[in-house]
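Chains as they are written, first to last, in the numbering used here: chain A, 4 to 105; chain B, 78 to 175; chain C, 9 to 103; chain D, 173 to 494.
Source of the hints: derived by calculation from the structure; they are not laboratory data. Just so you know, not all the hints are guaranteed correct.
To be verified - On the chain C side, residues computed to face chain D include the following (Cβ under 7 Å):
1) Thr11
2) Gly18
3) Met21
4) Ala37
5) Phe47
6) Ile54
7) Leu58
8) Ile66
9) Val83
10) Phe85
Said to hold, decoys possible - Under the rule of at most 25 Å between Cα atoms (straight-line distance), these lysine to aspartate or glutamate pairs were calculated in the DMTMM-like manner:
11) C:Lys64 x A:Asp9
12) C:Lys64 x D:Asp177
13) D:Lys190 x A:Asp35
14) C:Lys64 x D:Glu219
15) D:Lys190 x D:Asp177
16) A:Lys70 x C:Glu63
17) C:Lys64 x B:Glu129
18) A:Lys70 x A:Asp9
19) A:Lys70 x D:Glu219
20) C:Lys64 x D:Asp196
21) A:Lys45 x A:Asp35
Model, not experiment: these values are computed from the prediction. Positions of the beta carbon are idealized from the N, C-alpha and C atoms, including for glycine.
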Amino acid sequence: MSSATDMFGAALAVVGVLFFLAGTLGLLRFPDIYTRIHALTKADNLGLGLICLGAAVQSGSLMTALKLLLIWILVLVAAATGASLIAQTAHGRGIPPWTRQE
Amino acid sequence: MTGYYLILAVVILAMAFHGLMVRANLLRKLMALNIFTSAVFLFLVTLARMAEPLDPIPHAMVLTGIVVTVSTTAVGLALLVRLYRRSGSLTLDSSNDD
Amino acid sequence: MTTLYLVLVGVLMGNIAVGLLRILRGPTAADRIQAGQLFGTVTVAILLLLAIILEKPIYFDVALVFALLSVLAVVAFVTRSWPHPDAKDQDEQRD
Amino acid sequence: MAVFDLILGLLLVILVRKCLSITDMFGAVISFMAFGLLMAVAWVRLEAPDIALAEAAIGSGLTGALLFSTLGRLPHSETRQPLVPRGSGSGPGYWLVTGFWWAAAMVLIATFVFSFQELQTPGLGGPLQERLAESGVLNPVTAVLLNFRSLDTLMEIAVLLAAVVVAWSMGYVDWPARQTIPSPLLPGVVRLLTPVFLLVAFSLLWRGSHAPGGAFPGGAVLAASGILLLLSGMTVQISPRGMSWLRWVLSAGLLVFVLAGVSLMAAGFGFLVYPEQWAGNLILLIEASAGVSIGAMLLALYVGGEPDMAPSQPNNPVSRPQ
Numbered sequence: 004m005s006s007a008t009d010m011f012g013a014a015l016a017v018v019g020v021l022f023f024l025a026g027t028l029g030l031l032r033f034p035d036i037y038t039r040i041h042a043l044t045k046a047d048n049l050g051l052g053l054i055c056l057g058a059a060v061q062s063g064s065l066m067t068a069l070k071l072l073l074i075w076i077l078v079l080v081a082a083a084t085g086a087s088l089i090a091q092t093a094h095g096r097g098i099p100p101w102t103r104q105e
Numbered sequence: 078m079t080g081y082y083l084i085l086a087v088v089i090l091a092m093a094f095h096g097l098m099v100r101a102n103l104l105r106k107l108m109a110l111n112i113f114t115s116a117v118f119l120f121l122v123t124l125a126r127m128a129e130p131l132d133p134i135p136h137a138m139v140l141t142g143i144v145v146t147v148s149t150t151a152v153g154l155a156l157l158v159r160l161y162r163r164s165g166s167l168t169l170d171s172s173n174d175d
Numbered sequence: 009m010t011t012l013y014l015v016l017v018g019v020l021m022g023n024i025a026v027g028l029l030r031i032l033r034g035p036t037a038a039d040r041i042q043a044g045q046l047f048g049t050v051t052v053a054i055l056l057l058l059a060i061i062l063e064k065p066i067y068f069d070v071a072l073v074f075a076l077l078s079v080l081a082v083v084a085f086v087t088r089s090w091p092h093p094d095a096k097d098q099d100e101q102r103d
Numbered sequence: 173m174a175v176f177d178l179i180l181g182l183l184l185v186i187l188v189r190k191c192l193s194i195t196d197m198f199g200a201v202i203s204f205m206a207f208g209l210l211m212a213v214a215w216v217r218l219e220a221p222d223i224a225l226a227e228a229a230i231g232s233g234l235t236g237a238l239l240f241s242t243l244g245r246l247p248h249s250e251t252r253q254p255l256v257p258r259g260s261g262s263g264p265g266y267w268l269v270t271g272f273w274w275a276a277a278m279v280l281i282a283t284f285v286f287s288f289q290e291l292q293t294p295g296l297g298g299p300l301q302e303r304l305a306e307s308g309v310l311n312p313v314t315a316v317l318l319n320f321r322s323l324d325t326l327m328e329i330a331v332l333l334a335a336v337v338v339a340w341s342m343g344y345v346d347w348p349a350r351q352t353i354p355s356p357l358l359p360g361v362v363r364l365l366t367p368v369f370l371l372v373a374f375s376l377l378w379r380g381s382h383a384p385g386g387a388f389p390g391g392a393v394l395a396a397s398g399i400l401l402l403l404s405g406m407t408v409q410i411s412p413r414g415m416s417w418l419r420w421v422l423s424a425g426l427l428v429f430v431l432a433g434v435s436l437m438a439a440g441f442g443f444l445v446y447p448e449q450w451a452g453n454l455i456l457l458i459e460a461s462a463g464v465s466i467g468a469m470l471l472a473l474y475v476g477g478e479p480d481m482a483p484s485q486p487n488n489p490v491s492r493p494q
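Could you build all of it, start to finish, from the sequences and the hints given here?
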């Protein structure tokens, strides 16, 4: 129940969820699409990575850990590709980046 | 708990049916139809969960249903694109007829 | 421990609720698809936590399929359905 | 857990409401996809891993790609049109009808709450467990799909094939698809991901006999891989010979299924009644062909029409204007 690995895994999951919160806050509060991509892509994927790590620590089996690693890599690839595609296309379509107003 | 999911299924069913009837845009009608089937599946799976032991037969039925739904949706979308090219409209409004 | 994980799942679902605001506000379609990406990542995380809570490793596989297919929607969006400025109305980019 | 259910249900209802009432069509489609994602969470909650897998692959992946590609074929102005045409959506008639349906729904809800709570539902889980050993597989859902109720699955594959026939009968589509690739990143990533897609698809297919998975999720992942290849601009020129080959692949699932049934009949068993010692292998054969076939059929449905391989110049494969 409350062995050391379980505690460690739970702590990792908690930190991961905090990163998710930060990413969502960025999505909501940042002024334009480029900054939102930046907030969401980095924070959420780090959060997911921490949750994966926490689950892997808890599962205690190598197969599951490898599967979780694969999940994380896949989400990273998807997020990086998506972020790059969206940003490049947005730039190509002439959506102006936000600049600080006077 | 299962009673809650039954209610949820019926609520979603009613909302989807409402959308299916009221919305004019055919793309939205197709999405409403999809949600409608999802609600039916939710109902079936909840019934399966209530059985003791867990009843896998509704699961198999729902699995079949999901595939039929996606093929229906795909055909509907293909028809929709054709309709748009033919009539320039996404609704079946009779005043838009050629 | 289970309670803690349930709270975490609840917080993640709160993230989805907040992401809905971004869908509502837009302003561009790209902002909306970003909210969609957020939903994808959050769902994977929820599935991982549920797998731990219910102690069924099979749900890791569901998360794996989600992770695999999360790239599909955004690629379909960018290559196929991003409203082009040549289109008749450009209000997406203005507001 | 009760709070979890409550939040999940609330989110589902909000998403349905958004999907059906938000003016912006992209917002509606994304809400719909989010609805699919959360439905998968609900399947997990209701202990239906097979359905969760299928929903993950079909509900969110394929349907999302389908909807986005359809949106792309419609002009932008259409995606922001008002929800209801002029003249409807208001007035006493509208509210009368809506009110009637909502009242009927509420009565239904009340009935369900009171009747189903008391209903004893023994289900068929017990008898199925007893007979699982003779089905040739260990996963009860696969046993139902491909042994006890294999006729249903046969019909379902026939429905899919019929859908492909309908889509093809509507005319040709551009092939190879016209598009501009926004970045060289995309083909590179797709080249990396395709082996992973294939690996996952075939592992899902293979493990269907003993764990959640099987022909549908496997086929759907296969189709998703094909869609990704199409989206990244990697298309092949289809020759007339390739077309006939494609037709065989599309119908392979149904053909193998029917052939297995008929030959079992000829051997003195019933139609699709498997003798116990062959059941496992027969199911594997049918499932493998059905999985590949389902993948091809879903991909064909995504393409949305018969691939146009008619007169294209050898050096300059111009697509036919639409």
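>> If you test the structure against every hint from before, which numbers come out violated?
In response: 1, 20
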